[in-house]
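So the chains spell out like this:
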Amino acid sequence: MNKAMNQAFRKRKITYTLAFLVVLALYLISAYITEFDLQTGIKAFPEAAKWMSERLIPDAKAWERLPKILDKLFETALLSVAVTVTAGIGAFMFSLLGSKTTGFRGIINQLVRMTAAFFRNVPDVVWAMVLMFSFGQNILTGYFALFFTTFGLLTRSFIETIDEVSASCVEALNATGANFIQIVFQGIIPSAMTGIITWILYMIETNIRSSTLIGILTATGIGYLFDMYYKRIEFGSAGLVVMAIVVLVIVIETISIQIRKVIK
Amino acid sequence: MPILEFKNVSKTYDNETKALNDVSFSIEEGEFVSIIGPSGAGKSTLLRCINRLVDASSGEIVFDGQDVTQMKNKELRKVRTKTGMIFQHYNLVDRLSVIENVLHGTLGKKSTFSGMIGHYTEEEKLRAFEILESLGLADQAYKRCDELSGGQKQRVGIARAIMQQPKLILCDEPIASLDPKSSKIIMDHLADINENQKITCIVNLHQVDVAMKYSERIIGVSDGKIVYDGTPEGLDQKTIHKIYQSKTSDLITDIGGEAHE
Ligand SMILES: Nc1ncnc2c1ncn2[C@@H]1O[C@H](COP(=O)(O)OP(=O)(O)O)[C@@H](O)[C@H]1O
Ligand SMILES: [Mg+2]
Chain A
1 MNKAMNQAFR KRKITYTLAF LVVLALYLIS AYITEFDLQT GIKAFPEAAK WMSERLIPDA
61 KAWERLPKIL DKLFETALLS VAVTVTAGIG AFMFSLLGSK TTGFRGIINQ LVRMTAAFFR
121 NVPDVVWAMV LMFSFGQNIL TGYFALFFTT FGLLTRSFIE TIDEVSASCV EALNATGANF
181 IQIVFQGIIP SAMTGIITWI LYMIETNIRS STLIGILTAT GIGYLFDMYY KRIEFGSAGL
241 VVMAIVVLVI VIETISIQIR KVIK
Chain B
1001 MPILEFKNVS KTYDNETKAL NDVSFSIEEG EFVSIIGPSG AGKSTLLRCI NRLVDASSGE
1061 IVFDGQDVTQ MKNKELRKVR TKTGMIFQHY NLVDRLSVIE NVLHGTLGKK STFSGMIGHY
1121 TEEEKLRAFE ILESLGLADQ AYKRCDELSG GQKQRVGIAR AIMQQPKLIL CDEPIASLDP
1181 KSSKIIMDHL ADINENQKIT CIVNLHQVDV AMKYSERIIG VSDGKIVYDG TPEGLDQKTI
1241 HKIYQSKTSD LITDIGGEAH E
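The listed protein sequences derive, respectively, from chains A and B.
Going by the numbering used here, the letters in the first sequence line up with residues 1 to 264, in that order.
Going by the numbering used here, the letters in the second sequence line up with residues 1001 to 1261, in that order.
Extracted from the complex, chain B is given alone in its bound form (with noise of 0.2 Å):
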């Protein structure tokens, strides 16, 4: 059985944009998939509908066998706590030190109270610790994040996704604002964590590059379709320019760039 299944999802914007135009696929545990596709193809609208953030318009959305489109409030909150998700921007608590941050992976599956005030168990606190040591960051982590560059920030939200021991991670552009080796660093830590701890990975890109490096499969998006979903090796430059429609320049920087190595 799947992990996740979209059945048909489209999403429209305030009754006038359509970022999701029929959408269907389903992916299986384990995998690591990369979406690619122009900016404003529907890949961040199509990543948050998982999670909710985004709420589909219509169509099914099955995760861990069970719709999610329809959920309430606290099954929807269940379901949170089992999709980590990094952002293009790392979107931390940034006056908070590194391991609060850490731990707010927790916050789903504690009391109200002892999450409001940030009570958290010894148990808790050393898995954080173990995790920061693995990204490396174990140095940092009683650091102010604000303090901290734009890699060891991106290693955090990638900590702070797998204290949350999620089922799946999702990952928005998580490497769009970083430089190319800080980039290598963040794209080898999921895909180690994809591969030892056999959590799913959905990345989206915006370098193809990267994609094929890293992904055993790749789902081109373009204009809210799926126009392209099979191995790296399958994506031939016609394939590629359909994804990227005219927008040549796209095609020029991601392709071109030795910068991704």
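Bound-form chain A, shown alone (with noise of 0.2 Å):
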């Protein structure tokens, strides 16, 4: 038994020093190659900090932008929970069929998982950067790259979700000789909800920050307003912008940890 006991440990141990050596390894190789150097990397930190509290400070001009720059932040904000919304749903009915409590085949359940992955592997700038062939620089390429990735990620975890909270009272119900529709109404959704609520809440979060990042590049929303006014060297108005974005992401953010808090 202790000797046992002992063998567990020591072999934890070595997993330890394994995994700690590994990582120093990595470090050691990336560094060189990318010829970044920690110490000069934490030594840039106060000079950054002291260039942005210079030039990122909103001037007068800024502010008379606001109006603008609330607008866009709105419309940025609209497309993040519209997307994530509809990718919600779309998931949701895409879970039923990749999740094993409501009892389609193996090979459905497969492909399902296959799909989801494959969306949800592909990072929403490069869907972003491939839509834009085809819609060119449009909201719709932020809509449907954003689209992509939620519908891969929320797919594949309203499928645990399922699995995990309403795989006995599935059993259940399907025992009462219930029918599959009732089924997901009476049983699925009402046990897996809290789950689907947050991880859509998530995801809106998530959604927000990324489609700043891509209106970058598809030049719209509060992504394309930031980099005009950085290109132009209007570094009062970036700064308002960059504002106006951690104020939203706030306001977001403790608008879903009470909405969490109610539907506990």
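Treat the hints with care, since some could be wrong.
[As the list claims (entries may be wrong)] Result set (DSSO-like, lysine-lysine): computed pairs, CA atoms no more than 30 Å apart in a straight line:
hint : chain 1 : residue 1 : chain 2 : residue 2
1    : A       : K100      : B       : K1110
2    : B       : K1184     : A       : K100
3    : B       : K1143     : A       : K264
4    : B       : K1018     : A       : K100
5    : A       : K100      : B       : K1242
6    : B       : K1143     : A       : K261
7    : B       : K1072     : A       : K100
Just so you know, these hints were derived from the structure itself, not from any lab.
Starting from the two chains in their separate frames, assemble the complex, guided by the hints.
In structure tokens:
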């Protein structure tokens, strides 16, 4: 007993040591290749902060632009919410096919999981670049780029949520003779709802951040404004954009924390 | 005519685990039958073959005059409305209220749409309430199920099954997660339903003493085979050993324990 325990602990120690060495080696190798020096990196921080505090302070002209900035900010937030909600609805229906609980066959399960993995694993920025060929610099490009990754990620999360929280009541409802649609609405949706909403809120937050970045690429939304001001060296306005984004993200996060508390 | 008949039923999972091996027996309407056996013996599989939550690999299962093993969708759901099921872990929709869970017992007989939106008739609601009252749960009717204790949850499970107005109730280890006091309440309710509503009950049990106290007939399953089928009185030490094979540890906790009175 004691011996087995000692052995187990020794094994764990060796694992940790090995993991540490591997991480260290990876760091050294990549630092060498990219010529990145942690010390200079850290030393550069104060300077960067100083630069930012001097230039990124909104000036009078920036404040004049506030309505326009807020307008674009609102557009970006709305886009993120719209994308997440539509992708969420699609993902929920798709996840019913991918879940083991609902009793679909193994091949359908696999197909759904593979499709979801594909959409999820291509980064949204890459989706945006690819889609730019078909839609051009357009809000639709941003919409679909975010839609695809959100759809892929939510599908997988919903499958996990459904399998985890509703397997037992689905079995019972099947035993009463209820049909598939009744089981979805009376069993799966009520038991998985909290999980689903939590995931959707999380994805709205993530998408607001992503859509800012994608906006730079597709010349839409708040990202475009930031890019424009920055390139025109109007740092004051660019700074106000950044501040507006930060405030929005904090507001959204506060709201979603409150919602999560209520639906618990 | 028996209400349920197993004819040479076998079940093999994934082409390797033989969970049921040529099982045959029949049950008359109104019987209270306990199925005992060590864990892994095939009790849950046997029960689930009846309402086809598990598909038997071979053999015939005749319930209420029809072979269920060949049934397709609609016919199967109709059979399921006639068999209530009670689970070890209650299997309620925890986030819905007690009364809604009880009303789920009517889903199989409702139209897709009214079942989907949870529209129930006045008569159905009244009956659900009466059932809850008879199980001592009237005060909890509008509580969410996750606020209930284990014993209360299992009574909701029973209420849902009775709501179906079934001919047969299948109970898969209904008291395995409960303390002795709640266990007694649950078993007493099952006995009461069997006696007063004449609903046939098949109860998988882990505890031999509980099976002996409540049932008029005990089926002992071991390794997917029936090794005993008879009255509780006929179940002697030797047979119990045979059912539980070398698993004497099960015996000590099951028979020696005074906890289940
Ligand atoms: N879904 C399943 N897939 C594969 N094997 C299973 C499955 N369910 C049960 N088994 C196996 O079948 C045998 C009987 O299981 P079960 O019917 O659950 O027994 P009991 O209810 O008596 O404990 C066990 O060996 C178990 O591992
Ligand atoms: Mg079992």
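Tested hints:
no. : hint              : verdict
1   : A/K100 to B/K1110 : holds (26 Å)
2   : B/K1184 to A/K100 : violated (35 Å)
3   : B/K1143 to A/K264 : holds (15 Å)
4   : B/K1018 to A/K100 : holds (23 Å)
5   : A/K100 to B/K1242 : violated (37 Å)
6   : B/K1143 to A/K261 : holds (19 Å)
7   : B/K1072 to A/K100 : holds (20 Å)
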